[in-house]
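Just so you know, the sequences run in chain order A and B.
Using the working numbering, you'd call the opening residue of the first sequence number 1 and step up by one each time.
Using the working numbering, you'd call the opening residue of the second sequence number 1 and step up by one each time.
Hints in this document: simulated from the structure, not taken from any laboratory.
Hints may contain errors.
One-sided and incomplete, this derived list gives chain A residues near chain B with beta-carbon spacing under 8 Å [claimed, not checked]:
| # | residue |
| --- | --- |
| 1 | VAL25 |
| 2 | PRO26 |
| 3 | LEU52 |
| 4 | ILE53 |
| 5 | GLY54 |
| 6 | HIS62 |
| 7 | GLY63 |
| 8 | GLY64 |
| 9 | PRO99 |
| 10 | ARG104 |
| 11 | ASP110 |
| 12 | PHE111 |
| 13 | THR112 |
| 14 | VAL113 |
| 15 | SER118 |
The following label-pair restraints were derived from C-beta to C-beta distances [stated by the list, open to error]:
| # | chain 1 | residue 1 | chain 2 | residue 2 | range |
| --- | --- | --- | --- | --- | --- |
| 16 | A | SER101 | B | GLU43 | 18 to 26 Å |
| 17 | A | ARG151 | B | ASP85 | 17 to 25 Å |
| 18 | A | ARG129 | B | SER131 | 20 to 28 Å |
Computed from a predicted model, the values in this text were never measured in an experiment.
Positions of the beta carbon are idealized from the N, C-alpha and C atoms, including for glycine.
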Amino acid sequence: MDRNEPLHQIKTRRDSALNALVSGVPYLTWLGVRFDRRGDELTAILPYADKLIGNPRLPAIHGGVTAAFLETTAIIELAWSAMWEDLESGRIAPDAAVPDSLPRLPKTIDFTVDYLRSGLPRDAYARARVVRSGRRYASVHVEAWQDNRSRLMAQATGHFLMPQP
Amino acid sequence: MTDDDQARIAQQFIEAIPHARALGMRVEEIGSGRAIISMPWAEHLVGDPRTGVIHGGVVSALMDTCCGAAVMVHPSNPRSTATIDLRIDYMRAATPGQRITARAECYHMTRSVAFLRAVALDEDGENPVASATGAFTAER
Numbered sequence: 001m002d003r004n005e006p007l008h009q010i011k012t013r014r015d016s017a018l019n020a021l022v023s024g025v026p027y028l029t030w031l032g033v034r035f036d037r038r039g040d041e042l043t044a045i046l047p048y049a050d051k052l053i054g055n056p057r058l059p060a061i062h063g064g065v066t067a068a069f070l071e072t073t074a075i076i077e078l079a080w081s082a083m084w085e086d087l088e089s090g091r092i093a094p095d096a097a098v099p100d101s102l103p104r105l106p107k108t109i110d111f112t113v114d115y116l117r118s119g120l121p122r123d124a125y126a127r128a129r130v131v132r133s134g135r136r137y138a139s140v141h142v143e144a145w146q147d148n149r150s151r152l153m154a155q156a157t158g159h160f161l162m163p164q165p
Numbered sequence: 001m002t003d004d005d006q007a008r009i010a011q012q013f014i015e016a017i018p019h020a021r022a023l024g025m026r027v028e029e030i031g032s033g034r035a036i037i038s039m040p041w042a043e044h045l046v047g048d049p050r051t052g053v054i055h056g057g058v059v060s061a062l063m064d065t066c067c068g069a070a071v072m073v074h075p076s077n078p079r080s081t082a083t084i085d086l087r088i089d090y091m092r093a094a095t096p097g098q099r100i101t102a103r104a105e106c107y108h109m110t111r112s113v114a115f116l117r118a119v120a121l122d123e124d125g126e127n128p129v130a131s132a133t134g135a136f137t138a139e140r
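Using the sequences plus the hints, can you model the full thing?
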């Protein structure tokens, strides 16, 4: 680590790597998922859209959308934390315009969603925590909420196969 | 009610769900606690740009909708349903460009809970892409 590295250079490196990771996935763009970054901590944001509705009478967000949002948050967090050291040391520089520069994404083995409250027609947020990351397998826990961080909308646990070098 | 009536009502039910419509879901068969729903592959649903494979989340949405539809056509006639939990096992990548079809079955029903099993297939009907088990509410 270079203590005197200019701040804007650090931010640009991290933000452009995150942007490359996220913008490379068409489905994330279609769902409208964005990521907010504080240091290495990511918060996924799913802005409300009518097409996300699963129950028009309540109305409530589709359970499949909630599952997809959680799964995608887990995958991006896992890929992000796996590439962090290489990114910071300058060994890699992912660029959205150069597909080959993007890290390969982990593959989902299984994913279990626990639905705690019905999704309201408003923005949702999620954070993932890598519980264990080995060379081959990883286990990730994810939480999603809307208005109150302590009142979860859903949580999930998933197992992933890490890309092999 | 004939099977055709039930299928027509089910298609209307699916089309009233904005997210199911956004994914282009189509009811293939439905009735007696079972449902078969399919959807087309699309460029904007890709989860891995290197391979063109559809995102796992899309398969989740299809399986969840299919399970919910199976609950709604259970002979005990629940008024509505919501997912309590859903576990999906991803067995292999769905082949890019192929339609995905989910088959769900409500294998047990209590007064307030429905237990579901589902599989997702692409055009190779012998080797499932994913399987799921779930618990859903059954509101009376």
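A quick look at each hint next to the structure:
1. Evaluation of the VAL25 (chain A) hint against chain B yields a held restraint, the C-beta minimum of about 6 Å falling below 8 Å.
2. Checking PRO26 (chain A) against chain B: minimum C-beta separation of about 5 Å stays under 8 Å; hint holds.
3. This hint holds: LEU52 (chain A) has a C-beta 6 Å from the nearest C-beta of chain B, less than the 8 Å allowed.
4. Evaluation of the ILE53 (chain A) hint against chain B yields a held restraint, the C-beta minimum of about 4 Å falling below 8 Å.
5. At its closest, the beta carbon of GLY54 (chain A) sits 5 Å from a beta carbon of chain B; the interface hint therefore holds under the 8 Å criterion.
6. Among the interface hints, the one on HIS62 (chain A) holds; its C-beta lies about 4 Å from the nearest C-beta in chain B, closer than the 8 Å criterion.
7. Nearest Cβ of chain B to the Cβ of GLY63 (chain A): about 4 Å, under the 8 Å cut. The hint holds.
8. The restraint placing GLY64 (chain A) at the interface with chain B holds, with a minimum CB-CB distance near 3 Å, inside the 8 Å limit.
9. At a threshold of 8 Å, the smallest CB-CB gap from PRO99 (chain A) to chain B is about 6 Å, leaving the interface hint in force.
10. Given hint, ARG104 (chain A) at the interface with chain B, holds; its Cβ is 7 Å from that chain's nearest Cβ, closer than 8 Å.
11. At its closest, the beta carbon of ASP110 (chain A) sits 5 Å from a beta carbon of chain B; the interface hint therefore holds under the 8 Å criterion.
12. Restraint check, PHE111 (chain A) versus chain B: the minimum CB separation of about 5 Å is within 8 Å; hint holds.
13. A least Cβ separation of about 4 Å between THR112 (chain A) and chain B falls short of the 8 Å threshold, and the interface hint therefore holds.
14. For VAL113 (chain A), the suggested interface contact is upheld, since its CB lies about 5 Å from the closest CB of chain B, less than 8 Å.
15. With a least beta-carbon distance of about 6 Å to chain B, the hint placing SER118 (chain A) at the interface is held under the 8 Å criterion.
16. The hint said 18 to 26 Å for the Cβ distance between SER101 (chain A) and GLU43 (chain B), and at roughly 22 Å that hint holds.
17. Separation of ARG151 (chain A) from ASP85 (chain B) is about 18 Å and conforms to the stated range, judged on CB atoms against 17 to 25 Å.
18. Distance hint check for ARG129 (chain A) and SER131 (chain B): the Cβ-Cβ separation is about 26 Å, which falls inside the suggested range of 20 to 28 Å.
In this structure, none of the earlier numbered hints is contradicted; all agree with it.
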